[in-house]
Amino acid sequence: MTYLDANATQPLRPEARAAVLAALALTGNPSSVHAAGRAARRVLETAREAVAARFGAAPADLVFTSGGTEANALAIHALGAGLRLIVGATEHDAVRAAAPGAAVLPVDGHGVADLDALARLLREGPALVCLMLANNETGTLQPVREAAALCRAAGARLHVDAVQAAGRIGVDLRDLGADSLALSGHKLGGPQGAGALLLAPGHTLAPLIAGGGQERGRRGGTPALPAIAGLAAAAAQTAPPLAPHAALAPLRDAAEQAALAAGAIVIGAGAPRLPNTTCLALPGVRADTQVIALDLAGIQVSAGAACSSGKVARSHVLAAMGLDALAGEAIRVSLPWNAAAADIAAFAAAYQAMAARLSRRAA
Amino acid sequence: MRVLVAMSGGVDSSAVAGLLAEAGHEVIGVTLQLYDHGAATGRKGACCAGQDIHDARRVADHLGIPHYVIDAEARFRAAVMADFADSYATGETPVPCVRCNQSVKFTDLVQLAADLGAERLATGHYVRRLDGPDGAELHRAADPARDQSWFLFATTRAQLARSLFPLGGMPDKAAVRAQAERLGLPVAAKPDSQDLCFVPTGGYADILGKLRPDALAPGEIVTEDGQVLGRHDGVGRYTVGQARRLGTAAQADGERRVVVALHPDSRRVVVGPPAGGSRDVHLREVNWLVPPAPFSCTVKLRAREDPHPAEVIPTETGALVRLATPARAAPGQACVWYDGDRVLGGGFIRAA
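Keeping their order, the protein sequence lines are chains A and B.
Counting from 1 along the first sequence, just add 38 to a position and that's the residue number in our numbering.
Residue numbers are given in our numbering: position 114 of the second sequence equals residue 109, and the series is strictly consecutive.
Think of the hints as simulated: they come from the structure by calculation, not from any bench.
A portion of the hints provided could be inaccurate.
The following residues of chain B were derived to be distant from chain A, with all beta-carbon distances above 10 Å [unchecked claim]: (1) ILE23; (2) PRO61; (3) MET76; (4) GLY112; (5) ASP129; (6) ARG135; (7) LEU178; (8) LEU206; (9) GLN222.
Just the calculated beta-carbon pair ranges, DEER-fashion [claimed, not checked]: (10) A:GLY208 x B:GLY112: 39 to 49 Å; (11) B:ASP56 x A:PRO49: 38 to 48 Å; (12) A:THR65 x B:GLY179: 45 to 55 Å; (13) B:ALA69 x A:ARG80: 49 to 59 Å.
Bear in mind that the values here come from a model prediction, so they are computed numbers and not experimental data.
Every residue, glycine too, gets a C-beta built ideally from N, C-alpha and C.
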């Protein structure tokens, strides 16, 4: 089996696994006053400090959540209250669904947000802008720093969904100049079940879930300590020089070359991209057929945004890029942190065999 | 061999997947998503997939076979729903299950099977596929109460060659349920599905009203010579041969009346005596499962009726069926030809 669907979820890093197991062995609620509670609290705050430092925020400005979806929803709920919402056309559903009725910031054919359009939209009054750092389907990077400067100048706020970017390229909230940034533990190689919202100094947050006032009143509910400890341990492993960010790029490029030789089109290749992601269209062949054929050959990739039914829905990301014809014919190959040359060789062989069989039929 | 199984989430196709897996085949389960279940039931926030896809996945999990959901919504809308709505608006009575079988299922899934390197597509239909001297033949199921051959008449010989119908020889439904139970399938006790699959809330009139509101516009019920006998609430609710929904017009001069024609333009439902009709039935979109030539056989003009003796004659646009005795054929329905249990072909009934 060859796993090339890191953008869905990463394999668990061994350091994260060790941290999860250690936290599971603790009895204690971080809110309790006794020794067991203090021990749990120590794990939580150590994790908070590590993750905040890793991604450029003060520990007091980091709210642990259940994952990236909740972190995005919390940011939009709290920072967007009373403001117009402007959302990038290729944002993840975690953002789109939390911002109904938002104005859409268009992208170009490579998936890059149109900053002139942003400047125009910002003239219409106070707003919260949501712009992802890296796209989940194509890996396209957005000009977030430039967008942040525009927002600052216009008195607008900027929330950044960094779920796919964190741990794969340099991500630093202070450096980006944004107001908030969402992370997901399992996209870093931690376990599923924890994420974080990082805030620029000075922001207060009204909670989505008030509960017992945990996370300084910004997110109620007992924190998922094992998942949070795993998130922090995984994040630490993604810091250069431990994990040089560009290390996966040569493997990704090799996979891409193999696909190109088989007749594929690389989507978004004209823009800066994540080093681990490539979006490959095979003209005339349905994306779901490609995903199934590769799965039956032991290669695990995905297409579009899988709905909870498992149905492969048409990609709104590719449609926003003006690639309607290819929107139903593209798959996403995303290399996990532990991808090896053998994985790429297996992918190349399976892809070329599939393309030879199906492209001939489509022609 | 590698077999693609079309799994609906019901007991029949689940049993097919289970029996083939048990026999040692490499089984790949697929479920077609034909419509957005959340939208179809009008429940905001309801899952787009519905319970049947969930059930199919649980059966596949139980069997340890891969399972995939195929988005067939656009194809289903174009090939089945549009025809369904348009037929009513032209005074015909569509057979959406035949349209679905001949497009989404036996064209697209047979192709998908080939694309995935599967030798066969297996379904839970109650028909038998037998190997004859000239290739694959389509035959009635062993259980006459369950036989679905009428709904599969449009399956081509090439499609039949690549199909498997493991339930065709089952003595009855109870035997299938017993197999599902023996295999421990979680759907063994699931009730049979009813009516049209894309009308999860019941009455198809709701769907029709959305797609073609004109088909549900009220109008007159008249005799063949134009005498007005009553009112109706939409030609889309009537089929040639139908006796229900006629109110007082169902009886005239002590004689029973049935629908004999539908005129959507004038929104008139025409009634007449149940006997009568025509000996000649013209067919379009004919599927020949034997070489096209005149022959005698029996035909069925409806899914559930006894076969009529008839003669089939190929024509330039399809086929002419000459019945031994006149009958009321409903335009849009299928006329399927049989030699005993074997299906020889069939077509869609054209308006006279």
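Each hint, compared with the structure:
The non-interface label for ILE23 of chain B is inconsistent with chain A: the shortest C-beta to C-beta separation is roughly 7 Å, within 10 Å. With a cut of 10 Å on Cβ distances, PRO61 of chain B falls inside the contact zone with chain A, its closest approach being about 7 Å. With a closest Cβ-Cβ approach of about 18 Å to chain A, MET76 of chain B is found to remain outside the 10 Å limit, as its non-interface label requires. With a cut of 10 Å on Cβ distances, GLY112 of chain B falls inside the contact zone with chain A, its closest approach being about 7 Å.
For ASP129 of chain B, the non-interface assignment is confirmed: its Cβ lies about 27 Å from the closest Cβ of chain A, beyond the 10 Å cut-off. For ARG135 of chain B, the shortest C-beta to C-beta distance to chain A comes to about 33 Å, beyond the 10 Å cut-off, and the non-interface label holds. The beta carbon of LEU178 of chain B sits about 23 Å from the closest Cβ of chain A, which is more than 10 Å, so the claim that it is off the interface holds. For LEU206 of chain B, the requirement that its beta carbon stay farther than 10 Å from each beta carbon of chain A is met, with the minimum near 22 Å.
Against chain A, the non-interface label of GLN222 of chain B holds: every CB pair exceeds 10 Å, the least being about 54 Å. A hinted range of 39 to 49 Å for the beta carbons of GLY208 of chain A and GLY112 of chain B is consistent with their spacing of about 44 Å. A beta carbon spacing of about 22 Å between ASP56 of chain B and PRO49 of chain A contradicts the range 38 to 48 Å that was offered as a hint. Evaluation of the 45 to 55 Å hint for THR65 of chain A and GLY179 of chain B yields a failure: the beta carbon distance comes to about 39 Å.
About 55 Å separates the C-beta atoms of ALA69 of chain B and ARG80 of chain A, a value consistent with the hinted range of 49 to 59 Å.
Hints 1, 2, 4, 11, 12 from the list above are not met by this structure, while the remaining hints are.
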